[in-house]
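Trainee: Sequence:
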Amino acid sequence: MAERTNVALAVAEHTQPDCGVCRRSLLVGEQLRIYQDRERSVQVCELCRDRALQRGWEAIGPIDTPRLRVQPSGAVTDIVDRDALIDTLGTELPYLREQLGAATSALSEHTMAEDTVRAITDKLRCQERELERLRRDVREVDPVRLADDRRTLGSQANDLAALRATLGQREVLIERLQHARSAETDPVAMCRFALDAFNTSEHADRMARIARTLDDPTVTVIDQGPGIPRHVHIVLVWDIAWYEFDVKLDLGRGFASVHQLGNGGDPRALAPEQKLGNAQWRTSGLVLA
1 MAERTNVALA VAEHTQPDCG VCRRSLLVGE QLRIYQDRER SVQVCELCRD
51 RALQRGWEAI GPIDTPRLRV QPSGAVTDIV DRDALIDTLG TELPYLREQL
101 GAATSALSEH TMAEDTVRAI TDKLRCQERE LERLRRDVRE VDPVRLADDR
151 RTLGSQANDL AALRATLGQR EVLIERLQHA RSAETDPVAM CRFALDAFNT
201 SEHADRMARI ARTLDDPTVT VIDQGPGIPR HVHIVLVWDI AWYEFDVKLD
251 LGRGFASVHQ LGNGGDPRAL APEQKLGNAQ WRTSGLVLA
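The sequence shown runs 1 to 289 under our numbering.
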């Protein structure tokens with residue numbers, strides 16, 4: 001029976017996960033840097049470095065790439081039936097349909113978010129025109145009407161602030177989705193994310209115990225191509241044993257899962273591409289060669 005672990009990709013392993021300039025949450029794989037303002041140290045994302053320099057902040061630390069954090073094993077939310085997976089991968093047409101559906105879903109997310117932003121922007125413009133009209137009329141009204149208009153102005157200002165906050169949240173969401181989908185087009189980056197997720201899973205501890213007995217294994221990481229979620233296989237091979245794991249990644253949702261696909265005693269049963277050795281075993285975890 002395959003063992004499965006559900007884990008979560010964290011945006012960053014820092015106590016302050018928000019950019020000190022734009023206040024948005026940092027994205028998975030996004031570089032950040034520490035700057036010093038007059039009173040404190042501030043984390044700044046790579047999109048806001050010029051703005052930080054314009055404020056007179058001084059860079060005091062090296063560029064850092066947040067690492068992934070994997071949630072301990074808990075309730076498994078998305079279990080892939082091994083036999084169904086083998087049948088799906090063995091048939092080209094269902095695989096292509098699955099990829100088309102995933103791409104259509106991602107496009108739908110962007111389209112819905114952009115339509116919402118456009119509607120909010122139009123409403124903002126209407127509110128601003130109404131506020132300007134009230135300001136022009138304020139000098140010409142009687143005290144009673146002036147008090148009513150002031151109350152209206154206050155209400156309009158509150159609505160405007162709420163709309164701007166909603167617009168900002170939508171823009172952050174769109175940016176996060178765009179960044180995540182862009183990162184998912186890079187097979188090397190996805191392999192690194194997969195290795196990072198595996199290293200912080202309970203499977204890594206089990207493989208480490210085996211390595212202490214059988215010595216370091218040959219490690220191969222294989223990206224399975226575009227898809228949401230993205231599948232990356234990791235194969236560890238010793239002279240008398242082998243284990244294969246599947247890592248599922250969805251950077252847009254910020255989640256990953258790791259589960260064992262299979263194992264055996266004779267490495268000759270594996271395909272040549274499963275024994276390429278394009279990654280390395282280290283005591284600190286798996287890394288690309």
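Treat the hints with care, since some could be wrong.
[Said to hold, decoys possible] No farther apart than 20 Å at their CA atoms in a straight line, the calculated lysine to aspartate or glutamate pairs in the DMTMM-like style are these: (1) K275 <-> D250; (2) K123 <-> D159; (3) K123 <-> E98; (4) K123 <-> D216; (5) K123 <-> E171; (6) K275 <-> D223; (7) K275 <-> D216.
Please keep in mind that the hints were generated in silico from the structure rather than gathered at the bench.
Here the structure is a predicted model, which is why all the values come from computation and not from measurement.
Trainee: If a hint holds in the structure, say so; if it doesn't, say that too.
Mentor: Results for each hint:
Under the criterion of a C-alpha separation no larger than 20 Å, the hint pairing K275 with D250 is inconsistent with the structure, at around 26 Å. The straight-line distance between the Cα atoms of K123 and D159 is roughly 10 Å, inside the 20 Å bound, and the hint therefore holds. Pair hint K123 plus E98 does not hold up; C-alpha atoms about 38 Å apart against a cutoff of 20 Å. With a CA separation close to 62 Å, the supplied pair K123 and D216 exceeds the 20 Å bound.
Proximity of K123 to E171 is assessed by CA-CA distance (about 16 Å); at most 20 Å being required, the pair is judged to hold. Between the alpha carbons of K275 and D223 the distance comes to roughly 14 Å, so the proposed pair stays at or under 20 Å and holds. At most 20 Å may separate the alpha-carbon atoms for a hinted pair to count; K275 and D216 meet this at roughly 14 Å.
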